[in-house]
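> Spelled out from the first residue to the last, the chains are:
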Amino acid sequence: AQSVTQPDIHITVSEGASLELRCNYSYGATPYLFWYVQSPGQGLQLLLKYFSGDTLVQGIKGFEAEFKRSQSSFNLRKPSVHWSDAAEYFCAVPVRGGSQGNLIFGKGTKLSVKP
Amino acid sequence: EPEVTQTPSHQVTQMGQEVILRCVPISNHLYFYWYRQILGQKVEFLVSFYNNEISEKSEIFDDQFSVERPDGSNFTLKIRSTKLEDSAMYFCASSVHNTGELFFGEGSRLTVL
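Protein sequence lines, in the order shown, are assigned to chains R and C. Heads up: the first sequence begins at 54 in the working numbering, then just goes up one per residue. Heads up: the second sequence begins at -17 in the working numbering, then just goes up one per residue.
Think of the hints as simulated: they come from the structure by calculation, not from any bench. Treat the hints with care, since some could be wrong.
[Said to hold, decoys possible] Straight-line Cα separation of at most 25 Å, SDA-like style, residue types lysine to any residue; simulated pairs:
1. R:Lys102 with C:Ile8
2. R:Lys163 with R:Phe116
3. C:Lys39 with R:Gly81
[To be verified] So, partial list: chain R residues that the calculated Cβ filter (under 10 Å) puts toward chain C:
4. Tyr85
5. Tyr89
6. Gly94
7. Gly96
8. Leu99
9. Phe158
Backbone N, C-alpha and C define an ideal beta-carbon position, used for all residues, glycine too.
Using the sequences provided together with the hints, build the complete structure.
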């Protein structure tokens, strides 16, 4: 069965430190891949997406993610975290054989930022 | 910047009552979705809607649920007879194309007592 795994439930980093959030997926082929962010009291916002081509993709707010086919991973990175990055981050893939808008989300990783 | 708006932000209802959650998608978007997130659990797909009909629905979206686009701007989710387990945050989303690039509203929190 398809799945998206985010192994870290909660991560705390210091402001200015680098960040990597992990995402592994089980799909059976190369899927579209997404990272969404949810700030407190807000809806989910698309950070970045991978469809094909260059495996390093850039997103909004200085985030990037790298698709590694051999590891079935799509980890999210940011070189220097800002306090406003504190939020919950969700990795997602479309259901295989379904609509591309039918997304399977991971459980999310909550990011806290220390001053 | 255009956004998806949802009302109400929070609704409390008694078990067995009907609830309608409303959404105004972004105006030039063609695909519409409802997702839900039960507290502490994953965000889950409920239904997608395109060209005035349901294009896909999940197992969660049983006969108690229905969706409608009554007037070309609103997109509603109706729960006919609410159960305790329907308590969740319900997110509306829309997209221009069917690519998974969704724009989400801020959600409607439903509490069923």
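> Of the numbered hints stated previously, which ones are contradicted by the structure, given in increasing order?
none
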